[in-house]
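**Q** Residues in the sequence shown are numbered consecutively from 862, following our numbering.
Quick caveat, the hints were computed from the structure, so don't treat them as lab data.
Built from N, CA and C at the ideal position, the CB exists for glycine as well.
Where hints are given, some of them may not hold.
What the hints assert, rightly or not - Capping the alpha-carbon separation at 25 Å, the derived lysine-lysine pairs in BS3-like fashion look like this:
#1 Lys892 x Lys877
#2 Lys866 x Lys920
#3 Lys866 x Lys892
#4 Lys1033 x Lys925
#5 Lys900 x Lys925
#6 Lys900 x Lys920
#7 Lys925 x Lys886
#8 Lys877 x Lys1033
#9 Lys886 x Lys866
Stated by the list, open to error - Distance ranges between label pairs, derived from CB positions:
#10 Val1119 x Arg1171: 23 to 33 Å
#11 His1001 x Arg905: 37 to 47 Å
#12 Leu1167 x Phe912: 25 to 35 Å
#13 Arg1171 x Asp1041: 26 to 36 Å
#14 Pro1173 x Glu1121: 35 to 45 Å
#15 Asn1058 x Leu1167: 20 to 30 Å
#16 Arg1171 x Val1241: 21 to 31 Å
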Amino acid sequence: MARSKIHVGLEIGTSKICMVVGEVKADGSVKILGVGQSKSVGVRKGEIYDFPQVRACVKDALVKAEDASDVEIGSVFLAVTGSHIQGVNHQGSFRLPEGEDAIGPEHVREAKEIARAVTIPPDHVYLHHIVRRFGVDGYHHATSPIGLTGRTVEADFHVVHGIRSRIENQIKCVREMPLDVDELVFSPIAAAQVALNREARERGALVIDIGGGTTDYALYTDGLIEASGCIPVGGDHITNDIHLVTHLPFSKAEQLKVREGDASGDPARGVGLIKVTNDKGFSEAEVKRQLLNDIIRHRLEETLQLLLRRLPEGAMERVGMGVFLAGGTSLMRGFGELASDVFKKDIYRPEPPELSGVQASFKDPQFTTALGLIRYAQVVDSDRAPKRGFLGRLWPFSR
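Produce the entire structure from the sequences given, and follow the hints as far as they go.
**A** The structure is reproduced here in structure tokens:
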């Protein structure tokens, strides 16, 4: 009889570091045993710039996760992000030798190897090789075509790769806990595990995970991943814009954004002045509500428009379900209305109702990626390939 198994997901974000401990039970259900969270210091735009500080923050999250779950953690599925990470589609085609017309495993294997062999910069490494579909003589097949008759076998992959040194820094930080890295997962691919069900993937859906320093995205159409990427802009950039325009300290600008800001563009929500008080409760400044809302909306709209331009041509026409917003910045008031204006689609905020044991505070969209790592671990656990070496250490290049 199958036994339950415990997996741990770790997200090292610009604003927070989150470690989630989940138990995958024999019946396939998932129970969250505990969550450890720490404020992130030393991360900018999803990438480490102050190693000692980040290491201390990860250690704090680890201790909290172990205390909350009563589990001794030895390894993690690690979410990675950054503007250096790229997702591309690539097709490989293999023509069967003369005299052969029955497609065998060796023919499919050849097509897959050709599709996987995307030329990447010399300082990059592969993160994922995700099979999208197969084909026989130009006709698409959702499953392996072994046993069919044909002359040419095609394999279509979504390949994700990024800069080796930046990825190594995150791995090194984890290993100094000391913890092993079970697998690296591009953040929006992890988020999609929780945000999207089968129907959403089939009908077409766009996942946008907007955090403090980055905006990650993954596009699914016809049940397949079509595009993924990262834009190095997030909620901290909004705070910095408010700071520059109002001359308020950064911490006050952040409080103003969270407590009073609205991105909807509704004039009725921009009436009046906001009084900003100092730590002693005395009046420090007054900010026009309309000015604050305009700053927030302009930065978010610019970010979403940039994302829209990065999607394949005509991609949004294939999105029948809608746009799913995740990440802490997605909680901004009026952001859903703004996203609807930009994408002209239904807007959703994902929740993981199929996960038991999650404290209410951890079911909001800012924890979508961390929870998605547990689902990702569950999906790959049953057919994990043997690990391949990376600079002499064990972690798989791809999935």
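**Q** All hints are to be evaluated individually against the structure, with a verdict given for each.
**A** How the hints compare with the structure:
Only pairs whose Cα atoms come within 25 Å are accepted, and lysine 892 paired with lysine 877 is accepted, the gap being roughly 22 Å. With a C-alpha separation of about 23 Å, the suggested pairing of lysine 866 with lysine 920 holds against the 25 Å cut-off. For a cut-off of 25 Å, the pair hint linking lysine 866 to lysine 892 stands: about 10 Å separates their Cα positions. Distance hint between lysine 1033 and lysine 925 is fulfilled; the C-alpha atoms sit about 20 Å from each other, no more than 25 Å.
About 12 Å separates the Cα atoms of lysine 900 and lysine 925, which keeps this hinted pair within 25 Å; it holds. For the suggested pair lysine 900 and lysine 920, the alpha carbons sit about 11 Å apart, so the restraint of at most 25 Å is met. Between lysine 925 and lysine 886 the alpha-carbon distance is near 23 Å, which keeps this suggested pair within the 25 Å criterion. Restraint check for lysine 877 and lysine 1033: the C-alpha separation of about 19 Å stays at or below 25 Å, so the hint holds.
A hinted pair counts as satisfied when its Cα atoms are at most 25 Å apart, and lysine 886 with lysine 866 qualifies at roughly 6 Å. The hinted range of 23 to 33 Å is satisfied by valine 1119 and arginine 1171, whose Cβ atoms lie roughly 28 Å apart. Our hint of 37 to 47 Å for histidine 1001 and arginine 905 holds, since their Cβ atoms are close to 42 Å apart. Judged by the Cβ atoms, the range 25 to 35 Å given for leucine 1167 and phenylalanine 912 holds: they are separated by roughly 30 Å.
Separated by about 34 Å at the C-beta atoms, arginine 1171 and aspartate 1041 satisfy the suggested range of 26 to 36 Å. A beta carbon spacing of about 38 Å between proline 1173 and glutamate 1121 agrees with the range 35 to 45 Å that was offered as a hint. A beta carbon spacing of about 28 Å between asparagine 1058 and leucine 1167 agrees with the range 20 to 30 Å that was offered as a hint. Hint check: arginine 1171 to valine 1241, Cβ distance near 27 Å, so the stated range 21 to 31 Å holds.
Every hint from the earlier list agrees with this structure, and none is contradicted.
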